[in-house]
Structure formats: C-alpha cells, structure tokens
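From first to last, the protein sequence lines stand for chains V and E.
Residues 24 to 260 in my numbering are what the first sequence spells out, letter by letter.
Residues 24 to 260 in my numbering are what the second sequence spells out, letter by letter.
Simulated from the structure, these hints should not be mistaken for lab results.
Quick caveat, the model's predicted, so the values are computed rather than measured.
There may be inaccurate statements among the hints.
[Unchecked claim] Now the in silico label distances, taken between C-beta atoms and shown as ranges:
# : chain 1 : residue 1 : chain 2 : residue 2 : range
1 : V       : A79       : E       : Q165      : 17 to 25 Å
2 : V       : D135      : E       : H254      : 46 to 54 Å
3 : V       : Q158      : E       : H254      : 28 to 36 Å
4 : V       : H220      : E       : A195      : 43 to 51 Å
[Unchecked claim] Quick list of in silico lysine to aspartate or glutamate cross-link-like pairs, EDC-like style, CA-CA up to 20 Å:
#  : chain 1 : residue 1 : chain 2 : residue 2
5  : V       : K177      : V       : E202
6  : V       : K61       : V       : D117
7  : V       : K177      : E       : D102
8  : E       : K177      : V       : D52
9  : E       : K177      : V       : D169
10 : V       : K246      : V       : E227
11 : E       : K177      : V       : E172
12 : V       : K177      : E       : E179
13 : V       : K177      : E       : E172
14 : E       : K177      : E       : D102
Note that CB positions come from ideal geometry on N, CA and C, so glycine has one too.
Residues per chain are reported as follows:
2 protein chains.
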Amino acid sequence: MSAQTTMAELWPDGLCAVAVDVALLTVRDGVLQVLLAKPDTPPFTALWSLPGRRVAADENLDETAHRALRELAGVAAPDAHLQQLRTYGDPGRDPHARIVSVAYLALTPLTDTFVLPSHAQLVPVAQLLANGANQLAYDHRQIVADALERARSKLEYSSLATAFVTEPFTLAELRRVYEAVWGVVLDEANFRRKVAHTPGFVVEVSGVAPPGPEGGRPAKRYKPGGATQLHPAMLRP
Amino acid sequence: MSAQTTMAELWPDGLCAVAVDVALLTVRDGVLQVLLAKPDTPPFTALWSLPGRRVAADENLDETAHRALRELAGVAAPDAHLQQLRTYGDPGRDPHARIVSVAYLALTPLTDTFVLPSHAQLVPVAQLLANGANQLAYDHRQIVADALERARSKLEYSSLATAFVTEPFTLAELRRVYEAVWGVVLDEANFRRKVAHTPGFVVEVSGVAPPGPEGGRPAKRYKPGGATQLHPAMLRP
DNA sequence: AGTGGTTACAGTCATTGTGACGTTAACCTG
DNA sequence: CAGGTTAACGTCACAATGACTGTAACCACT
C-alpha cells in the first residue's frame, strides 16, 4: 500500500488533524532566541522542533498554544504576547498524517533565572537560520523564518517591543530589543528622540535604574504607554 | 444527548474538519465590495456567507481557496492575489461541528462585464459592516472586518493596490483604489508625487488613456513596477 | 471658433521627521 | 581626582509631507 493511498483513506476530504505550533521568541544576552522542544510523540522524536499540541475538543486555538508552551517547555506565561502567525497545511508536511498546523508567535521576557526543562532549550534564531542544514522537524524552520520576519515587521508599526522586556525598563533595554530582532546597531540619541516623540509608546515612572558594573549615568525607568499602534512608526534603517 | 457530548464524540482531540473561507475584495464603481455566496451545504443555507470549501485530501490550502472561488462564485482567477488572513477555530463557531476555518484574503479586479452566478453577489463592505445586524453566517462578519483591516494596512507598506486594477492603469484609477479601501479622499497632486517618488511602485508604459465623458486631459498609463514593499510607505492620513 | 468645465500634470512653501554628530550629566574604577 | 562609560539633551542639514497654486489637454455647448 502506498503512502498516498494510506493518507487518503485515513484522512478523507475535510477531515484533518489540527495542531498548534508556537514560535516563542525572547531576547537573552542581547541575542534573539527561539524556544525549541523535543517532541514526546512520533515521528521526529530525535529532532528538535517547536512546541506543539493537537487542538482539544473544547479548546480554542489560543488555549492550545498556551498549553503547548506549558506542557512541553514549562513556560506558564498567561500574560505573554501571543498572536497567530499563519497556518501551514501542505499535504506531505508531515510524512505520517495530514496535519494542518496553526503557527503562533509568542513574545515574552524570560528572566535569566528561569530554567527550562531538559527537553527544551533556547537557540539563537540567527544561528538556526544561517546554517544551510535544516535542524528542525517538519517545516518548522520555515515557521521560525516567518516568525522572525513577522516580529521584525511588527516592531515597526506596533508597540510590540515592550513585550520583550519586564516592567519597568530603560530605553537602553528597549533599544537592545530592536537591535537584537533587527540585527542592526541603532543610534542611541535618535532612538531616544523617536520613542519620546511617539505618543503612548512609553511613559516615565519614578525611580532610576542603577548603572551596570561598567559605570555610567543612572537611567530613567519607563513602562508601556498603552498605545498599540505607533504614530509615527519606528522604521528600520 | 447534549450538543457538547455529540461534538466531543464526533470530533475527538486533534481531529477537526478544516475548511477554507475566502474574503474576495474588489473595487467596483469606486466602492470596495466583498464577494458573498449562498452555501450549498447546511447549515445556514438561507444566509449569505463567504465562499468556503473543505480541504481535500491532496490539496494545499491555497488550492482549496481557489477551488472555493471557482465552484461557489464562478471566479476562476489563478492570477488573483491570494494571501492567508488568519485561522478561526473557536469551538462553537459552527453550531453543528468543530470546524477550523483558514480564512484567505483575495484581491482581484473584476471587470464590469463579468457576471456572477445567481447564488453569488457583490456587496459593499462598508454597508455590510455598518449595519448592527449580522447578515452573514458563522463568524464571517468578523472575517470580513479582519480582511478589511488587513487590506487597509497592506496598502500602506506594500504595492498591493496594483492587485485591484487591470494593467495598464492610470494614477487616478490607483488613487481611487486607495480612496475606496481607506474610505478617505486623497489630494490628487500629493498622491501623484508620492507614487512617483516610491521606487519600483509603478512604471510608465506607452500610450494614454482617453478621457471620460466629462472630458479632461488624457492620462498616462502605468504598470506595476515589480516592488513588493514600498519605501517610503504610503501612510494613511 | 470661442467659452467654460473637467481632469491630468507640475511646482511652491512651510512644517515635520530623520540621520549624523556634538555636548553635558551622572555614575563607575583605580 | 583622572579617565572611562552610559544616559540624556541639543544642533544642523536633508528628506518627506500637507496644503495650495498654476499650467496643459481634453470635453460639451453655444
């Protein structure tokens, strides 16, 4: 029996398995990283992949995404920014079954003290995409590439960058988010001016952040300003 | 037997029906319109809805979208612009089954001579969304709203507007696309300058377009310039 | 043929946003 | 206290934009 015949018999028209895969991005050590997990179900239990789960009968898609992060990576982040990326449904993207996968983009600040379980890890996105060899299961390499482009684009027109940092934050921390995601170096003074001139992006809070071990003037602290869209936008150089 | 029990039994974890619904937008008579169809399968055969089809076993999602347009609205547009919008998967969005729907946004110029079959029609988007009463089946009103916002946003930083017009086109035709989708009136001279100063947006072709019945100077003709992203962007007023 | 109306196209001017760069302020270490 | 580092602020030239005026090329009507 050929694989094609098998698939057509097992998955008649309009009936597919629906899964949710999550590309969680975070900035650690000034580098954009993506969360990977070792699947606990075949196939590809040897390869790393994005955390993903089948959609349960009484679950909406957002809930499945949260559950995938919680069960496969120990990340319980109900307040993490979560948005749909796109849906991948080519026949043959999974060699064993017709699986339509709704991919999510998740953004969250992971504190340095947070420890991942042994079957999960953070990997720099640039390193993952630069290598010609595909190190991920299924089409998850493509999903990571799409997630990166979405994040880069969203930083321009939305206040999404604040989802990468914990409150309160300094403008230098916010700038390092842009630099890590875009992969560029930004002029510090101009960045400050643009953020200040974009209404609702950030608002100052009381107190200052102490300088690092290398000294420097204490930085003012800010919190998200409530705006979701940025006017004017923070365009990439 | 309750409806919930029925759904849980018929649609166990991870197994859903997957459909593709298409929101096809076009500009006719200077007004943004969306294509609706009468479903040929229950439920909601009385209400208008977006053309949609179940995903076939050997089909990818794009192919299903094209098939839905062809079978339900007689629109055979293999060159129409087609992009994923988002996926709607709340339990209960279809009262009879757990259906996960991948929504697509389609953009195409429909010539004035094209006639739709009797079970399909074009409806002004503004009129559809302005009425408080929901005239569409399922959550298709929400899909139309999301499609409109996506189209409005994409016009800003991509050359998507050219997908609404036939080649060759005049700058006035292109401007009327922006005005219809955004619902604003644009300054004609400034629009011309912005388009001309955006490299790769349009390129001039030979010949001129004759004036309409109300006279006026003949307009130069243009075709898409090959760029997909616009630099600088055409921001909404 | 001439006049007024309409549309296409081109230019001016003040304002705003931006990139590049310099200056001052407030901390660190030695 | 000196030198280094980071934060914060200011200046200047240029590009982009909104509002507006002027010119060109067609129409219909008298």
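Taking only the CA atoms, is the gap from K177(E) to D52(V) under or equal to 20 Å? violated, 34 Å
Need the status of pair K177(V), D102(E): alpha-carbon distance at most 20 Å? Outside the cut-off at roughly 28 Å; violated.
Does the structure keep K177(V) and E202(V) at a Cα separation of 20 Å or less? holds, 14 Å
Hint check: K177(E) vs E172(V), CA-CA at most 20 Å. Holds or violated? holds, 15 Å
Determine whether the Cβ-Cβ distance between A79(V) and Q165(E) falls within the hinted range of 17 to 25 Å. holds, 23 Å
If you check the beta carbons of Q158(V) and H254(E), does the distance land in 28 to 36 Å? holds, 33 Å
The hint says 43 to 51 Å between H220(V) and A195(E); measuring C-beta to C-beta, is that right? Violated, since H220(V) and A195(E) (Cβ atoms, about 35 Å apart) do not stay within the stated range.
20 Å limit on alpha-carbon distance, applied to hinted pair K61(V) and D117(V): holds, 16 Å
Does K177(E) pair with D102(E) here, judged by a C-alpha cut-off of 20 Å? holds, 18 Å
Given the hint that K177(V) pairs with E179(E), test it: the Cα-Cα distance must not exceed 20 Å. holds, 14 Å
Would the pair K246(V) and E227(V) pass a check requiring their Cα atoms to be no farther apart than 20 Å? Holds, at about 6 Å.
For D135(V) and H254(E), compare the CB-CB distance with the range 46 to 54 Å and indicate the outcome. Cβ of D135(V) to Cβ of H254(E): about 38 Å, so the range 46 to 54 Å is violated.
Hint check: violations occur at hints 2, 4, 7 and 8; the rest are consistent with the structure.
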